Amino acid sequence: MSAESLVAEARSQVDDVDLGPVHAWKRANPGGLAVGTMPIYVPRPLIEAVGALPVAIFGGGDQVDIIRGDSYFQSYICHIPRSTLELALGGRLDCLDAMIFPSICDVIRNLGGMWRLLFPEKLSVYLDLPQTFDLAVGGRFFAHELHRIASLLEAAGARPLNDEALVAAIRVENVRRAALERVDALRRAEPWRAPASEVYLLARLGGLLPAAEHTRWLEDYLTAAQGRAARPVDNVRVVLVGAFCEQPPLGLLRTLEKAGCDIIEDDLQLGLRTIEGPIDLREGEDPVFSLARSWIERGGATASRYIGDDEKGRALVERVRTLGADGVVFAAASFCDPALLDQPMQEAALARAKIPYTTLKFAENTGQFQVVREQAGAFSDAVKLWGIA
Amino acid sequence: MSQNQQAHLRVAKEPSQERQKRMIGDHFDRLASVADGTCDEKVVYTFVPGNLTELIGAFGMLPVLPEINALQSGMRQQSAGYIAEAEKSGHSEDVCTYVKCDLGMLKSGNVGPTGTRLPRPDLLLLSYTGCFTFMKWFELLREEYKCPVVMLHVPYQPDGVVTPAMRKYIVDQLETVVIPAMERIAGKKLDRDALSERLARSAQAEDDLVAVWESARHRPSPIDGYFGGVYYIGPIFSAFRGTEDAVAYYCELRAEVEGRIARGEGPTTPDGRLDDQRHRIVVEGPPNWTSFNEFWRMFSREHAVVVSSTYTRVGGLYDHGFRHDPKNPIETLADYCLGCYTNLGLPTRIDYIEQTIRTYEADGFLINSVKSCNSFSAGQLLILRELEKRTGVPGGFIESDLVDPRYFAKANIDNRLQSYFQMLDARRLRHAA
Ligand code: SF4
Ligand code: SF4
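Protein chains in written order, with the working numbering: chain B, 4 to 392; chain L, 221 to 653.
By construction, these hints were calculated from the structure, which means they are not laboratory data.
Calculated pairs, DSBU-like style, for lysine-lysine (alpha carbon to alpha carbon, straight line, at most 35 Å):
{"no.": "1", "chain 1": "B", "residue 1": "K315", "chain 2": "L", "residue 2": "K409"}
{"no.": "2", "chain 1": "B", "residue 1": "K125", "chain 2": "L", "residue 2": "K609"}
{"no.": "3", "chain 1": "L", "residue 1": "K388", "chain 2": "B", "residue 2": "K125"}
{"no.": "4", "chain 1": "B", "residue 1": "K364", "chain 2": "L", "residue 2": "K327"}
{"no.": "5", "chain 1": "L", "residue 1": "K308", "chain 2": "B", "residue 2": "K357"}
{"no.": "6", "chain 1": "B", "residue 1": "K364", "chain 2": "L", "residue 2": "K366"}
{"no.": "7", "chain 1": "L", "residue 1": "K408", "chain 2": "L", "residue 2": "K262"}
{"no.": "8", "chain 1": "B", "residue 1": "K364", "chain 2": "L", "residue 2": "K630"}
{"no.": "9", "chain 1": "B", "residue 1": "K357", "chain 2": "B", "residue 2": "K315"}
{"no.": "10", "chain 1": "B", "residue 1": "K315", "chain 2": "L", "residue 2": "K388"}
{"no.": "11", "chain 1": "L", "residue 1": "K262", "chain 2": "L", "residue 2": "K409"}
{"no.": "12", "chain 1": "L", "residue 1": "K366", "chain 2": "L", "residue 2": "K409"}
Since the model is a prediction, treat every value here as computed from it, not as a measurement.
Work the whole structure out from these sequences, hints included.
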């Protein structure tokens, strides 16, 4: 299949607010649980290891009209909880047997509580991601959390967790991660062959599929994109930063590209990229603890994670330099506490390092991109001409 | 009521109020002497929910609570300028205004609520309890002060249940991270006996505070559990829990409240004493600080007394029996942090408010949804529906902000409250008929 056809198919699945791929999986796996996971990070191998399908939920994007969802949230709360509730109240998430709400912000946290009240027949789980990064303290607490979640899933009908299944799931996850990294590497080296708007769709598709199936998609895309007849374009190379939970509309990414920005790295799909590198399995170690350890030791710097004694923004500055990026585009969801509170510190670090940046705001259902086009165009021209913004 | 009658009813400050004023003044004087170098006590910045005041006190260190400074700036009409200052330097209009008010105050010379300068922190004690913003707030302050930060991650209670794993996680952090960090800053080991003594005093003050809260069961209620309540929680939620001063304050306050019960008196409001109480209201959500008295008047003018509020539980929920336990000093600190109101799952919050409405025989409940605070506000529309469904008591909903005057739409809020109280009146008449 051509890269274009793969991307078109990925898009139709990602845009399917009725969760067609999940229904298909359930038909092929009778009795298997589908477990919704809210952004940003829930360890997917744990869910696959109990024979369930982790389903990353990102609200309704620009695909749904919000009617009921708005009556549950004030105007000054971001968009993703209202569109997620809209989908659920309309029955579109009925195929999910459980939902997991990780501790990334107070909105997702409280949405988890609302879920318990609105959908009492469904399992609703809160996952407290530790913010203390000492293995013996935070690691142990997290491992306990993960065991607890596995038990809750078991009580809801999933298979009991066992070491072999989890080790196997982690190995499959690591293969997927390696494939995703190869796609990312192509995007960094030759963004005209693998533009960010395509890589985004391919990555996001992984939130709806078992890791092994996703890997096949990534491999197919990689082959197709490498063989594509495409010519280099003289764009600026940017890193897109938003600590993304709520996802921007695809139109925003395409607008940035059209305005002359090659997005060579982004933090759109943090669920697959929060842990940097493979999940390291150790002989004789409880694999649940290995999962916990990967969060403690390899969790990347993002807004919903406490940055202990490290300097704020250091990781971003280093990344920009390592990648040879020309600048950074910040795009935060409106009313997003993590992204918006973090941004001034990241901006300050970039300013100290003399790295150009520009800032945008969006909502998942933003439909007009004229301002983005102008702003990004001006940014890319300024960077190209003078190396500044 | 005429102006003269109002003035007549306006009573002199009670001794507990004078005492609190003295306590706060002395505390800020001590802080000022650290700031000007005449005293070398160590200073710890921390948050109200999950504050470890007894621990800080046991090390002889002085706490500073940026939320309290922000709300005081709001009351003194300085927050608008501070927020503008922070927004000018790149902070989003969408985020919590406490943070921006604090950063603006810092940029404007760090002059505290009593007009004296605040010292720089020796330690930022990030008690990460019930609010995501806390984490970012102290990351931002660390950028400014370049001082050590110690994180105490308090797990959330989604089911209203404290598990042994949660408690152990906090105890482990206290023992292996927090206390050693404080020992390094203080230059001495923790005196656990001194800590226990403080915790015993905390429990004593907590008993008296609960008696004050529960006095609102009486008719007329001798207290206002929201507007008056924020003054009552001042000492225990800030720098004084575990001190002799706090014990004396709460003992005095309790006696005053009991006196009011004996005399059949209501609380003092900005318009005088409110003996004739037509509405008994429970309030969920923080108050607005920039128009605090005007906001209060919107209630008292309508003869509405607030019999209980959730905001007065952000620094600890003592109604259900929790008291600091001097025999288990570290575990009790863990339990305290876990139980703060915003650390409770939404279903538990609803259960709590429902129970409060019943206990205090409220005839209405009101949600003041503040733009700043996702921790409180996300989900409040569902809280409204659930409570109405469960109790049959009508709820009101208004929107404002903590310290950003741009979001206190006075006429709009006043209209809404008037309609709400009229609706309660009409309902009462219907029931009486
Ligand atoms: S968009 Fe931001 S504030 Fe909203 S739910 Fe996601 S992380 Fe939380
Ligand atoms: S978000 Fe709410 S709880 Fe957190 S600091 Fe702001 S006002 Fe306080």
